[in-house]
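J.: Those protein sequence lines, which keep their order, are chains U and S.
Under this note's numbering, think of the first position of the first sequence as 1, with each following residue one higher.
Under this note's numbering, think of the first position of the second sequence as 1, with each following residue one higher.
No lab work stands behind these hints: they were computed from the structure.
Cβ coordinates follow ideal geometry from the N, Cα and C atoms, glycine included.
One should not assume that every hint holds.
Claimed, not checked - Calculated Cβ distances over 12 Å to all of chain S for the following chain U residues:
| no. | residue |
| --- | --- |
| 1 | 97 |
| 2 | 129 |
| 3 | 206 |
Claimed, not checked - According to the in silico footprint, chain U covers these stretches of chain S (three or more CB under 8 Å from chain U):
| no. | segment |
| --- | --- |
| 4 | 33-44 |
| 5 | 95-101 |
| 6 | 107-114 |
| 7 | 177-189 |
| 8 | 196-210 |
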Amino acid sequence: MKRKSIDIPSCDNCKNSKDFFCNLSEPEKQIISEKKGDNFYKKGQVIFYEGNHANGLFCLYDGKVKLTKLGKDGKEQIIRFSKDGDILGYRSLLSNEPYHATATAMEDSYICTISKEKFLTVIEDNPKLSFKVIQLLSKDLKGAEQHLIDVAQKSVKERIAESLLLLQTTFGYLADNRTINIQMSRSEIADMAGTTTESTIRTLAQLNEKNIIELNGKNIVINDMKELIKCSNSYD
Amino acid sequence: MSDETNDMEQENQKFELNFILNSLNSEKVELNIGETLFKEGESNDYVFFILEGSIKVLKSKWVIGITYPLEFVGITSCLSETSNYTFSSKALERSIVLKIRKMDFKNLLMKNSTFCKQIIEILCARIKLTDFKTKNYIENTSKQRLLFEILLNSKKDLDGQYFTNLLPEDFSELTGLSIRNIKKQLNELQIKNLIEINTTGVITLLEKEKMESILREKR
Numbered sequence: 001m002k003r004k005s006i007d008i009p010s011c012d013n014c015k016n017s018k019d020f021f022c023n024l025s026e027p028e029k030q031i032i033s034e035k036k037g038d039n040f041y042k043k044g045q046v047i048f049y050e051g052n053h054a055n056g057l058f059c060l061y062d063g064k065v066k067l068t069k070l071g072k073d074g075k076e077q078i079i080r081f082s083k084d085g086d087i088l089g090y091r092s093l094l095s096n097e098p099y100h101a102t103a104t105a106m107e108d109s110y111i112c113t114i115s116k117e118k119f120l121t122v123i124e125d126n127p128k129l130s131f132k133v134i135q136l137l138s139k140d141l142k143g144a145e146q147h148l149i150d151v152a153q154k155s156v157k158e159r160i161a162e163s164l165l166l167l168q169t170t171f172g173y174l175a176d177n178r179t180i181n182i183q184m185s186r187s188e189i190a191d192m193a194g195t196t197t198e199s200t201i202r203t204l205a206q207l208n209e210k211n212i213i214e215l216n217g218k219n220i221v222i223n224d225m226k227e228l229i230k231c232s233n234s235y236d
Numbered sequence: 001m002s003d004e005t006n007d008m009e010q011e012n013q014k015f016e017l018n019f020i021l022n023s024l025n026s027e028k029v030e031l032n033i034g035e036t037l038f039k040e041g042e043s044n045d046y047v048f049f050i051l052e053g054s055i056k057v058l059k060s061k062w063v064i065g066i067t068y069p070l071e072f073v074g075i076t077s078c079l080s081e082t083s084n085y086t087f088s089s090k091a092l093e094r095s096i097v098l099k100i101r102k103m104d105f106k107n108l109l110m111k112n113s114t115f116c117k118q119i120i121e122i123l124c125a126r127i128k129l130t131d132f133k134t135k136n137y138i139e140n141t142s143k144q145r146l147l148f149e150i151l152l153n154s155k156k157d158l159d160g161q162y163f164t165n166l167l168p169e170d171f172s173e174l175t176g177l178s179i180r181n182i183k184k185q186l187n188e189l190q191i192k193n194l195i196e197i198n199t200t201g202v203i204t205l206l207e208k209e210k211m212e213s214i215l216r217e218k219r
């Protein structure tokens with residue numbers, strides 16, 4: 001697949017004003033901006049592979065990305081999602097380890113890249129940014145722990161309902177305020193909930209029958225949010 | 001990296017962290033077996049650094065993990081926007097922890113880059129472990145889930161033999177399996193000479209490598 005370069009603005013003019021680098025001063029943003037690379041990834045294209053040497057930080061300017069890990073049986077497991085303004089690959093750079101997961105564009109995405117050296121230098125020179133990294137890691141850890149509890153304790157139905165809620169929280173709704181703003185295949189939802197595609201199809205059909213959700217191809221419409229929360233057995 | 005180098009590095013790190021944390025007005029707290037450090041929903045005013053013993057971290061009745069010396073408890077709650085702990089913690093054995101005020105902890109992070117770097121490393125390692133545990137639940141059989149927790153929570157004695165003090169009840173909380181099932185699985189592992197359980201319940205790992213290879217087997 002061919003990448004094409006696009007015109008992503010410099011970091012000081014980034015549309016994602018609340019993104020990771022927003023605490024940097026203008027000169028610091030310029031330093032980051034000077035040598036950043038801008039790339040376009042088509043839907044389905046891999047940004048980096050699990051196990052590969054980590055040499056850069058990826059800033060998602062526009063698009064959606066999934067992070068997956070490969071299981072023993074070759075089955076993918078979705079561990080996290082990223083949206084506009086999120087950064088990817090930072091954990092591997094910070095711990096000096098290979099990438100922990102594979103990042104794949106879920107839709108056409110525009111992504112900036114920053115070299116490992118530059119990222120680590122900026123972090124070291126900027127305590128506010130270091131603190132932000134810690135907050136980000138802390139949030140990731142909380143999410144990972146919640147996912148562990150879901151997988152270990154919840155039924156398939158609860159996990160699928162929880163997955164739909166997570167998709168809605170992460171990506172929001174389309175303009176109709178009912179359709180989740182991401183298209184996911186049944187197999188991807190199964191990878192997310194840690195179950196089989198068959199069980200996922202069955203459970204989604206049950207939720208559809210009860211009019212809690214509505215299936216419209218790969219689009220999922222939430223008709224009854226209260227009931228979906230109840231199905232997920234989430235109280236937090 | 002060899003076990004010895006790893007141990008030495010951990011000791012240095014522990015010394016460094018102790019030194020930094022002692023510069024704060026932190027208080028040493030002793031806990032007896034089963035004693036609660038904090039409960040889910042309580043105001044998250046403190047972060048705790050474990051000096052001795054082990055602390056289990058629970059969400060409802062579910063044990064998310066066990067933390068050992070050199071590790072922190074309460075960091076995620078302290079750094080999040082919520083003002084309450086999102087989980088509970090209890091001493092698994094007699095333990096000593098440093099009780100650090102949340103504000104002191106945050107100020108230290110803003111001022112001390114070495115400390116910041118260490119916290120980043122600790123959080124990275126914990127996320128990796130949590131993702132690994134999740135994978136363990138999805139992919140593994142109940143026997144492998146138990147093996148995973150035995151291996152994860154074992155430590156080396158002075159003779160270089162790995163052991164764990166965890167009881168069937170603890171493994172049940174960690175794996176979500178019934179105590180009866182755990183006892184059955186432990187018995188099978190003992191019959192296969194992979195582990196030995198003494199009269200006080202201490203589990204010695206006789207064939208650690210073999211146990212690791214069973215863990216890698218496909219379902």
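J.: Against chain S, does residue 97 of chain U keep a CB gap of more than 12 Å to every residue?
T.: Per Cβ check, residue 97 of chain U is inside 12 Å of chain S; nearest 8 Å; violated.
J.: Taking C-beta pairs only, is residue 206 of chain U more than 12 Å away from all of chain S?
T.: holds, 22 Å
J.: At a Cβ distance under 8 Å, does chain U reach at least three residues of the segment 33-44 of chain S?
T.: Coverage by chain U is violated here, the residue count being 0 at a Cβ distance below 8 Å.
J.: Taking a Cβ-to-Cβ distance below 8 Å as contact, does the segment 95-101 of chain S have at least three residues touching chain U?
T.: violated (count 0)
J.: Count the residues of the segment 177-189 of chain S whose Cβ falls closer than 8 Å to any Cβ of chain U, and tell me whether that reaches three.
T.: Per the Cβ count (0), the hint is violated.
J.: Checking the smallest CB distance to chain S, is residue 129 of chain U really beyond 12 Å?
T.: violated, 10 Å
J.: Establish whether the coverage given for the segment 196-210 of chain S by chain U is satisfied; the threshold is a Cβ-Cβ distance below 8 Å, and no fewer than three residues must meet it.
T.: As far as the segment 196-210 of chain S goes, the hint is violated, because 0 residues have Cβ atoms under 8 Å from chain U.
J.: Three residues minimum, CB to CB under 8 Å: does the segment 107-114 of chain S make the cut for coverage by chain U? Let me know.
T.: Holds: 4 residues of the segment 107-114 of chain S have a Cβ under 8 Å from chain U.
Comparing the model with each numbered hint stated earlier shows that hints 1, 2, 4, 5, 7, 8 do not hold.
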